[in-house]
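Residues per chain, in single letters:
Protein chains: 2
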Amino acid sequence: MAVYCIVVYDVDVSRVDRVHKFLRQYLFWIQNSVFEGELTAQEFREVVRGLKSIIDESKDSVVIYVLRDASLIKRSIIGQDKNRFSRII
Amino acid sequence: MAVYCIVVYDVDVSRVDRVHKFLRQYLFWIQNSVFEGELTAQEFREVVRGLKSIIDESKDSVVIYVLRDASLIKRSIIGQDKNRFSRII
Chain E
0 MAVYCIVVYD
10 VDVSRVDRVH
20 KFLRQYLFWI
30 QNSVFEGELT
40 AQEFREVVRG
50 LKSIIDESKD
60 SVVIYVLRDA
70 SLIKRSIIGQ
80 DKNRFSRII
Chain B
0 MAVYCIVVYD
10 VDVSRVDRVH
20 KFLRQYLFWI
30 QNSVFEGELT
40 AQEFREVVRG
50 LKSIIDESKD
60 SVVIYVLRDA
70 SLIKRSIIGQ
80 DKNRFSRII
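Taken in sequence, the protein lines are chains E and B.
Residue 82 in numbering that gives the first Met the number 0 sits at position 83 of the first sequence, and the numbers go up by one each step.
Residue 35 in numbering that gives the first Met the number 0 sits at position 36 of the second sequence, and the numbers go up by one each step.
Read the hints as simulated data drawn from the structure, not as lab findings.
The reader is advised that the hints may include incorrect statements.
[To be verified] Chain E stretches covered by chain B per the calculated footprint, using a threshold of three residues with CB under 8 angstroms from any CB of chain B:
id	segment
1	11 to 23
2	63 to 70
[Stated by the list, open to error] Computed Cβ-Cβ distance ranges for the label pairs, DEER-style:
id	chain 1	residue 1	chain 2	residue 2	range
3	B	58	E	17	37 to 43 angstroms
4	E	47	B	52	35 to 41 angstroms
5	B	45	E	67	28 to 34 angstroms
6	E	80	B	15	28 to 34 angstroms
7	E	40	B	37	28 to 34 angstroms
8	E	44	B	44	38 to 44 angstroms
9	B	24	E	40	37 to 43 angstroms
10	E	67	B	27	20 to 26 angstroms
11	B	24	E	17	21 to 27 angstroms
12	E	16	B	41	39 to 45 angstroms
13	B	23	E	69	41 to 47 angstroms
14	B	15	E	55	20 to 26 angstroms
All C-beta atoms in this analysis are idealised placements derived from N, C-alpha and C, irrespective of residue type, glycine included.
Between the sequences and the hints, there should be enough to build the whole structure, so can you do that?
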């Protein structure tokens, strides 16, 4: 059982690199502070736990949009497609 | 006929304010460079046209995720909820 996630984050610049490196272990980088991809329930828990250990929850913000399936969402890109992955799904 | 949109943008700092001000006429600000909300087909076209006129398509990137309905997506927030709107949907 997996879900499709879009993760957007707004964290202090001192923690941006750690968040980026952590998320790319699980998800595909889309743009700036946006990642997406499929996660199993176990991976989802790992991502939440990992993010909580990296960010300062009193200052930073991460929003995880969770969908049952990637097919429920359509992606329109204006300007540059910063991620090649988005062309193949 | 309306759709639910999540708009994420990665644009040069010189254009960030204009993009922000433009999008808040149509959508709710969620975080940093993320907006979301319902758009009619007409509004969707206006948003795309407006963004194209503001950004530099050879450098900037805007991704619009389009869903049939807001109920298809679940939102998990870690840390700060920077937008009060997200608590009421």
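### Indices of hints not satisfied (ascending)
1, 3, 6, 11, 13
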